[in-house]
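J.: Taken in order, these protein sequences are the chains called U and E.
Residue numbers for the first sequence follow this note's numbering, beginning at 316 and rising by one.
Residue numbers for the second sequence follow this note's numbering, beginning at 249 and rising by one.
What the hints contain is simulated information worked out from the structure, not anything from laboratory work.
As the structure is a prediction and not an experimental result, all values here were calculated from the model.
Don't take each hint at face value.
With a Cα cut of at most 20 Å, we get these calculated SDA-like pairs of lysine to any residue [said to hold, decoys possible]: (1) U:K720 / E:E290; (2) U:K708 / E:L278; (3) U:K708 / E:G280; (4) U:K456 / E:P279; (5) U:K517 / U:E528; (6) U:K807 / E:G408; (7) U:K573 / E:M397; (8) U:K517 / E:Q289; (9) U:K577 / E:V405; (10) U:K498 / E:H332; (11) E:K307 / U:G448; (12) U:K456 / E:E297; (13) U:K807 / E:V405; (14) U:K666 / U:K720; (15) U:K720 / E:P279; (16) U:K517 / E:V405; (17) U:K720 / E:E301; (18) U:K708 / E:M397.
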Amino acid sequence: MKNMTKSIFTVVLSFLLLLTGCSSGEKTATNEGVSQEKTGGTLNISLDSDPPKLDPSLSTALVDRMVFQSIFDKMVDIDENGEIIPMLAKEWKISEDLRTYTFVLQQGVKFHDGTDFNAEAVKFNFERNMDQGSPRKNELKEVSKVSVVDPYTVQVELKRPFAPFLSILADRAGMMVSPAAVKKYGDDFSNHPVGTGPFVFKERVKGSFITLEKNTNYWKKGMPKLNQIVYKIITDANVALMNLKSGQVDMTNRFPFKEIEKSKNDPNFTVISEPGQGYQGIHLNVSKPPFDRKELRQAVDLLIDRDAIVNVLLSGAGTPAHSPFSPTSFAYGESDRYEKPDLQKARDLLKKAGKPNGFSFTLKIGTSPLNQQVGQMIQTMLKPAGIQVNLEKVEFGTLLDQTQKGNYEAAAIGWSGRPDPDQNIYDFYVTGGPQNYSFYSNAEVDRLLDEARAELDEAKRKTIYDQAMKIINEEVPYIYLYHDHNVFGISKSVDGFQYVPDGLIRTVGISKR
Amino acid sequence: MLVFLFRRLLLAIPVVLLVTVMVFSLLHMLPGDPATVILGQEATPEAVEALREELGLNKPIILQYLYWLGGVLQGNLGRSLVDHTPVSDLILQRLPATLELTIGTFIVAILIAVPTGILSATRPGSWADYLSTTFALGGMSIPHFWLGMMFIVLFAVRLGWLPASGYVPFFENPVANLAAMIMPMVATGLRESAILMRMIRSSLLEVMQADYIRTAYSKGLKDRAVILHHAFKNALVPVVTTSGLIVAGLLGGLVITESIFSIPGFGRLIVESIYNRDFVTVQGAILVSALLVVVVNLVVDLLYAVIDPRIKVGKGADV
Chain U
316 MKNMTKSIFT VVLSFLLLLT GCSSGEKTAT NEGVSQEKTG GTLNISLDSD PPKLDPSLST
376 ALVDRMVFQS IFDKMVDIDE NGEIIPMLAK EWKISEDLRT YTFVLQQGVK FHDGTDFNAE
436 AVKFNFERNM DQGSPRKNEL KEVSKVSVVD PYTVQVELKR PFAPFLSILA DRAGMMVSPA
496 AVKKYGDDFS NHPVGTGPFV FKERVKGSFI TLEKNTNYWK KGMPKLNQIV YKIITDANVA
556 LMNLKSGQVD MTNRFPFKEI EKSKNDPNFT VISEPGQGYQ GIHLNVSKPP FDRKELRQAV
616 DLLIDRDAIV NVLLSGAGTP AHSPFSPTSF AYGESDRYEK PDLQKARDLL KKAGKPNGFS
676 FTLKIGTSPL NQQVGQMIQT MLKPAGIQVN LEKVEFGTLL DQTQKGNYEA AAIGWSGRPD
736 PDQNIYDFYV TGGPQNYSFY SNAEVDRLLD EARAELDEAK RKTIYDQAMK IINEEVPYIY
796 LYHDHNVFGI SKSVDGFQYV PDGLIRTVGI SKR
Chain E
249 MLVFLFRRLL LAIPVVLLVT VMVFSLLHML PGDPATVILG QEATPEAVEA LREELGLNKP
309 IILQYLYWLG GVLQGNLGRS LVDHTPVSDL ILQRLPATLE LTIGTFIVAI LIAVPTGILS
369 ATRPGSWADY LSTTFALGGM SIPHFWLGMM FIVLFAVRLG WLPASGYVPF FENPVANLAA
429 MIMPMVATGL RESAILMRMI RSSLLEVMQA DYIRTAYSKG LKDRAVILHH AFKNALVPVV
489 TTSGLIVAGL LGGLVITESI FSIPGFGRLI VESIYNRDFV TVQGAILVSA LLVVVVNLVV
549 DLLYAVIDPR IKVGKGADV
């Protein structure tokens, strides 16, 4: 019995030691599995969620687009400054009436399955994306006809001049998938994605990882530099950071805000925090009380201290917002101005609306801790004016459903953003627009938004958007809070990463030391 | 024995059916609509309607259920609404990790609980008892996700001994697999061991008071012989019951552990599918999960008979 006691004790004690060991600040050098070669090697990128659909035609999640960058090339791309640059379309001509785009395609490009990329493939992709079941349909609804001029020239006709057209082709709607693979796999294409991109889909274990291999026949000379990309699904940002610290991932697509400051001097990795294209904010349902009263919407808008939200909750990794146009957009600037919180003015507005003692409303928010913190801060900011905010946490699918049906008073739903300003404003305010969850309608705004999308000159467009935003900010169907920053953690062993404002990691030029 | 097995399996059918009916109706009561979730923020109402039609979501629920059940009876669990992957493939992809994690967690729990449980029951009131009771209390109160994070900080970041997360199938690379699984197993196993240890302690304490233990001692038997051969075996019945509950709970309840350690497990599959309103996948996964629980219960019942011959399987009404 004595021996048994002893051995049991050793076990228990060693566990206790293990436990206490966790809290002791023992310093040991981290070992990184960094390889020495300039080309080749594997790049491990952690993604904060599992891409639902690896098919550009069906995709709706932001995270899908991270992986798409490596598998699919697009008709055009955007560069570091957000300018449109050639990709699979090496040049294009826009007709006088701005309605016909003629694209000349790269020659000698092959899909990963060995079939040719040509004008027929482009036509096929356009038609596939304009199909009823594709979320791309709405983006391409101005396209009336796609015709093959010769094997490497495609002509696209639009119903009317449509400024965002090229920007749209710099994203999922412009990604070219192999027609042969679509025919072969049918509904299962999403599990066998085939494009012309720098990396070839190899294997996927859902919820765990996606492995891509170098496309040895890639049409850009000397690219890609790596042999393999592994996207690891790590849902918790802190765990992703620990993987970065321990060298198991080279890049993380999200970074915990609270750790940004602390990580500035880390010898092993760099934190990149750059403005993205999107925004976060709150829809107000203008079709029913209390927010059918403009003054109440204005009062809420006026009381929110955006700087405080950005500084406290995001550790500065964001830009206070008052418009849908982020600092990366040419339309940014004038329209993003807003007033500092003014309690007296808010009280006057409440009085004018017949609610001198305030009112209460329910704000529906998503389930993430950040959502909740934003909600609580707003709750506190509105309290001095007697405005009582009831927070209701709702899972995103439900939140989307309820807002679309108008079954809410206020709901925090943001937008990941697109390169062209039209894609960040039009569908949200135009009468009956698919993302007009606020049920806002204003003939003048409708007219201005239509005018802006028919104008190709950026300076002129900016003026029109400024006019539209002046009306929108006066009427407040939506409260802009901040423009998100894209925050990445990148190991110092990674070379050649170039930040592009769409926030997507382009792997083609990256190498590892 | 065979008759018993057969009867139990037969009895399981209505249970499993009831589970599927409940899951089916509860899922359809969820406010989000699969078509809306699949098409996302940019969806136009027409596109949503068209997709609903295509997915058969416009049909009455009863019809949808019967259609699904018909498929299941033919061994077809359907295809995921999100990406059309056969649900059975998704489950087979995810199940091994969870089964391994469950078994590993349980082994860790047993390895800790049995010795500490026996120690504290045979020396009630001693400092060893207090120590292990404190340990058990700690194990139950410390959230295992926190413990998991601390493990990662210590073993992956500070010491660099183990990978911070990621999963490699066992048959692909057993060493890498165990390296990735040891932290989650221990983090979760510690909590389960605490429950089990308390169970062993109380059950053993009760048995130790019994007359036959005194008889055994009076015959001059050694501590070890009395405790292991007489007392512990008799104390096992409630412990096995608890173990069954623990294993059944782990099978679907490892979501948090799986998330922290990025293990592509079954629990995460169910949660992700619920978020995506992927009804077909959720139904399939829950069906499999219900079947697993039935099997675990069956094993527990069979174990009773092995441990305590007085409990006869297949005979008597109380089995």
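J.: All the hints need checking, so say for each whether the structure fits it.
T.: Structure-based check of each hint:
no. : hint            : result
1   : U:K720 / E:E290 : holds, 14 Å
2   : U:K708 / E:L278 : holds, 15 Å
3   : U:K708 / E:G280 : holds, 14 Å
4   : U:K456 / E:P279 : violated, 29 Å
5   : U:K517 / U:E528 : holds, 6 Å
6   : U:K807 / E:G408 : holds, 18 Å
7   : U:K573 / E:M397 : holds, 16 Å
8   : U:K517 / E:Q289 : violated, 30 Å
9   : U:K577 / E:V405 : holds, 16 Å
10  : U:K498 / E:H332 : holds, 15 Å
11  : E:K307 / U:G448 : holds, 19 Å
12  : U:K456 / E:E297 : holds, 18 Å
13  : U:K807 / E:V405 : holds, 17 Å
14  : U:K666 / U:K720 : violated, 31 Å
15  : U:K720 / E:P279 : holds, 11 Å
16  : U:K517 / E:V405 : violated, 30 Å
17  : U:K720 / E:E301 : holds, 19 Å
18  : U:K708 / E:M397 : violated, 26 Å
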